[in-house]
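Number of protein chains: 2
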Amino acid sequence: MSYPAIDEQLSHLFEPKSLAVVGASNQKVKWGYIVPANIITGGYRGEFYPVNPKETEILERPVFKSIKDVPGEVDLAVVTVPANHVNGVVRECVEKGVRTCVVISGGFSEMGGDGERMEKELTAIVSGTGMRLVGPNTMGIYSAPVCLHALMPPVRPVPGKIAFAAQSGNLGTQMLSLGKALGVGFSRFVCIGNEADLKAADYLEYFADDPETEVILLYIEGLRDARRFMEVAEQTSPKKPIVVMKAGKTAAGARAARSHSAALAADETIFEGVMKQTGMIEADTTEEMLDIAKAFAAAPLPRGKRVGVLTWGGGWGVVTADALAKHGLELVDFPAETLAELDEVLPPYWSHGNPVDLVGTLDLSMHFRCLEIVAKCSCVDAVISLGTMGATSSFQSFVVEGPMADEISRLKPRVVPSEFIKQLQLTDEAYRDEVIKLMAETQKPILAVSFPTSGAITPMLARQSEVVIYPSPERGAKTLAALYEYREFLERNRAMV
Amino acid sequence: MSYPAIDEQLSHLFEPKSLAVVGASNQKVKWGYIVPANIITGGYRGEFYPVNPKETEILERPVFKSIKDVPGEVDLAVVTVPANHVNGVVRECVEKGVRTCVVISGGFSEMGGDGERMEKELTAIVSGTGMRLVGPNTMGIYSAPVCLHALMPPVRPVPGKIAFAAQSGNLGTQMLSLGKALGVGFSRFVCIGNEADLKAADYLEYFADDPETEVILLYIEGLRDARRFMEVAEQTSPKKPIVVMKAGKTAAGARAARSHSAALAADETIFEGVMKQTGMIEADTTEEMLDIAKAFAAAPLPRGKRVGVLTWGGGWGVVTADALAKHGLELVDFPAETLAELDEVLPPYWSHGNPVDLVGTLDLSMHFRCLEIVAKCSCVDAVISLGTMGATSSFQSFVVEGPMADEISRLKPRVVPSEFIKQLQLTDEAYRDEVIKLMAETQKPILAVSFPTSGAITPMLARQSEVVIYPSPERGAKTLAALYEYREFLERNRAMV
Chain A
1 MSYPAIDEQL SHLFEPKSLA VVGASNQKVK WGYIVPANII TGGYRGEFYP VNPKETEILE
61 RPVFKSIKDV PGEVDLAVVT VPANHVNGVV RECVEKGVRT CVVISGGFSE MGGDGERMEK
121 ELTAIVSGTG MRLVGPNTMG IYSAPVCLHA LMPPVRPVPG KIAFAAQSGN LGTQMLSLGK
181 ALGVGFSRFV CIGNEADLKA ADYLEYFADD PETEVILLYI EGLRDARRFM EVAEQTSPKK
241 PIVVMKAGKT AAGARAARSH SAALAADETI FEGVMKQTGM IEADTTEEML DIAKAFAAAP
301 LPRGKRVGVL TWGGGWGVVT ADALAKHGLE LVDFPAETLA ELDEVLPPYW SHGNPVDLVG
361 TLDLSMHFRC LEIVAKCSCV DAVISLGTMG ATSSFQSFVV EGPMADEISR LKPRVVPSEF
421 IKQLQLTDEA YRDEVIKLMA ETQKPILAVS FPTSGAITPM LARQSEVVIY PSPERGAKTL
481 AALYEYREFL ERNRAMV
Chain B
1 MSYPAIDEQL SHLFEPKSLA VVGASNQKVK WGYIVPANII TGGYRGEFYP VNPKETEILE
61 RPVFKSIKDV PGEVDLAVVT VPANHVNGVV RECVEKGVRT CVVISGGFSE MGGDGERMEK
121 ELTAIVSGTG MRLVGPNTMG IYSAPVCLHA LMPPVRPVPG KIAFAAQSGN LGTQMLSLGK
181 ALGVGFSRFV CIGNEADLKA ADYLEYFADD PETEVILLYI EGLRDARRFM EVAEQTSPKK
241 PIVVMKAGKT AAGARAARSH SAALAADETI FEGVMKQTGM IEADTTEEML DIAKAFAAAP
301 LPRGKRVGVL TWGGGWGVVT ADALAKHGLE LVDFPAETLA ELDEVLPPYW SHGNPVDLVG
361 TLDLSMHFRC LEIVAKCSCV DAVISLGTMG ATSSFQSFVV EGPMADEISR LKPRVVPSEF
421 IKQLQLTDEA YRDEVIKLMA ETQKPILAVS FPTSGAITPM LARQSEVVIY PSPERGAKTL
481 AALYEYREFL ERNRAMV
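Top to bottom, those sequences are chains A and B. All residue numbers for the first sequence refer to my numbering, where the first residue is 1 and numbers rise by one. All residue numbers for the second sequence refer to my numbering, where the first residue is 1 and numbers rise by one.
Bound-form chain A, shown alone:
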């Protein structure tokens, strides 16, 4: 007997037309209430069936005694019953012909002993049936195209192009939440859980051909099927960038990983080799996971390592120059014609080189023109623009604050009048649009750095998925190096084919 390919199998998981929650409840402190409440309030529009032998109505929907009583097909069953009831429920799901299961319930191999035994049984129940299973011990899944928030925490991610599979529920869902604060959008998310059936490699394979996904993000503590993972990664990397944070790399980390997810810590040297060979891009820190993934989602890849830098302040330019050098990128020497073009725009005392110091001017039209000159320079492969985009937020924090607010108001005009801020905001938006236009026109990445202050980078939010903006030059430079690393992999790979 043959079953559909993983793509078709997982399409029922991530785009279910009908969904049951087995173990649904009216008790608001139970996951059986919280998870379906997240699904309903998250905007899921497919068929929704709560299942509970003792209730009649949950979240204003009629309740079914058993999954078998549900009329018609069930693409996805979310299971929240206690561990000792899970296997019975999953067996019924198989009998019903349910296509995919997400077992939220914990109490399996992560507990050892009986839990381990139950998980083996669970694997056996599912094996060979064609039904695929996420978990157990998972915080659930998210899928942007169908507004599916089958998650324990009530996260509402920004929809986007990044698919994310995480071997940690807390870390995964908090990254979704952090993404929201930073304007990083996700297409799909899965908390991998104990991998009784579906494994990291399966999600990777699905994301590889998923038209909703352009970037794949993985948080990995240990691989249960390293060989297959490597094969899938090798096939996927030439199609889409895979950004990986590998935790448990140190002895202490590996030990912590074993206690928490029962994952097998991969041999670190093997994993490093796999990363390089398969073209996966490593994120060294949790912050880098989003820093790098969002750049892949929004910016073209640099064709080389020659970077042009625009800075609104000399010191930041120095820091950026250091960071670029540290990551193997090159602060390009501008050709004579580019210097001449910049000479026409900037006052005579400008820095006459790269970084281009925008001499502290508030006349932002100068910034626009310099950005265009640098981005279009044939010797430049990528641009970092410091301080201009997001400038509103820097100035916002200066307006009418502190103990002297009254005196400031009396001494009209204020030091930074609100009209100035409004003007700055309009310019900010225009600069953002210019960056987006120039990235499309030149097919070069233009990364912005804006120093976070108490003001929000509000003008960015309207087109947040189309720009990349970092809180420090070091993070921008590191990200650019990651984009270049992937570009180099693609070149090598193309040469080999």
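Think of the hints as simulated: they come from the structure by calculation, not from any bench. Among the hints, erroneous ones may be present.
[Stated by the list, open to error] With a straight-line Cα cutoff of 30 Å, these simulated DSS-like cross-link-like pairs (lysine-lysine) come out:
1) K276/B / K326/A
2) K326/B / K326/A
3) K180/A / K422/A
Given chain A's structure and the hints, the job is docking chain B onto it.
Chain B alone, transformed into the frame defined by chain A:
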């Protein structure tokens, strides 16, 4: 003829009883208006004298034709006249007996040629007079105890215990602004400028004995007087931690530094040696400058490298374990009695080790008790607490958002009811107070990590200078390593004395 020690000289700079702005103006686009407006609206309460030969009233104060016309003593003259008038003005200041000068005006050695010549002349004018001079080409100074904001950008820093000297005005003032967003307070700030007179070492020497300062932060591109700087650093480090970001470390960075500040790039190998030998603590990135400085200002030093970790989610614990190992710190094995104490508080299935996984519970009283057990454990030198402090902000972002807000409201109670958030906020505040109390009681650092989301970490703000909270475990671990590095230096130093 002998002059007062640097401490007395610079006390007139940072705590002036009287202040003149030479070049004050009513034209609101000029620094001659913006700088005095910052001073007045910033709350400076000393005598304030605008000086301008052509005006009669500026910012509601009577104007003097010349600095010489000002009645009584002038502790500080801020000079904003164009470069070609600066030397004449400074000569008059010397004749008047002004004690200190801040020359905002640019157009000196950073321009080369004539500017260089003028700066040499400026140095000669000041030399041997007893008047001390900041700049030229400086963005100014800030001093918390007297509410002095003699700055070009209208920054209003949080008052605190960190004194900051920066060889970049933009970077320096934006760090003050960033500090405000992150709750990092400053006692003094000086944008060092071209160092025609006062040099980095002079500010360091003043901060060393400044009772308002507990931590010294330096942004250095190049040293003009490396030997003296080293001597002062050597004397200062045993008294107060000196956190240094050294920019221009790469060839590209050094070149950028020369073009922007005309600073001499120090020989990198010499600088590295100086850092280690003198016990200065290096910040590798701009973010680390504040990360590390704020920890020194708020937390006791760890007596050893044994760290206890509390985590609200397994994955974050793994990441923290890796980060601690990477920075040479140790995830301590708890002794049997500590495990037994934790057993009494946590459910039977807890991780039974370090990190202590707080099993996703919302019962925060459990977190309190675990924190106390771990902090008081005699084998623990430092604690990292993940996810608990600042938890409000994580949950805030879940409340009534998105397209389904109406439906959420209809389906009462909401997924996360606002009463729950209020309750969480109170607990957050109580946990913050507990951390502060336990740090004082145990004299061990307790660093918190809270994952930033769209909600603000509001409960922290009330006692923001007393706690340290990081947006990622990696940044918390790196900071803890810096605290430990300094502690080790103090031990070595004590052994040698």
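Structure-based check of each hint:
Simply put, K276/B and K326/A have alpha-carbon atoms about 21 Å apart, close enough for the 30 Å limit, and the pair holds. Simply put, K326/B and K326/A have alpha-carbon atoms about 19 Å apart, close enough for the 30 Å limit, and the pair holds. Distance restraint check for K180/A and K422/A: the Cα-Cα separation of roughly 25 Å lies within the 30 Å cut-off, and the hinted pair is therefore satisfied.
Hint violations for this structure: none, all hints satisfied.
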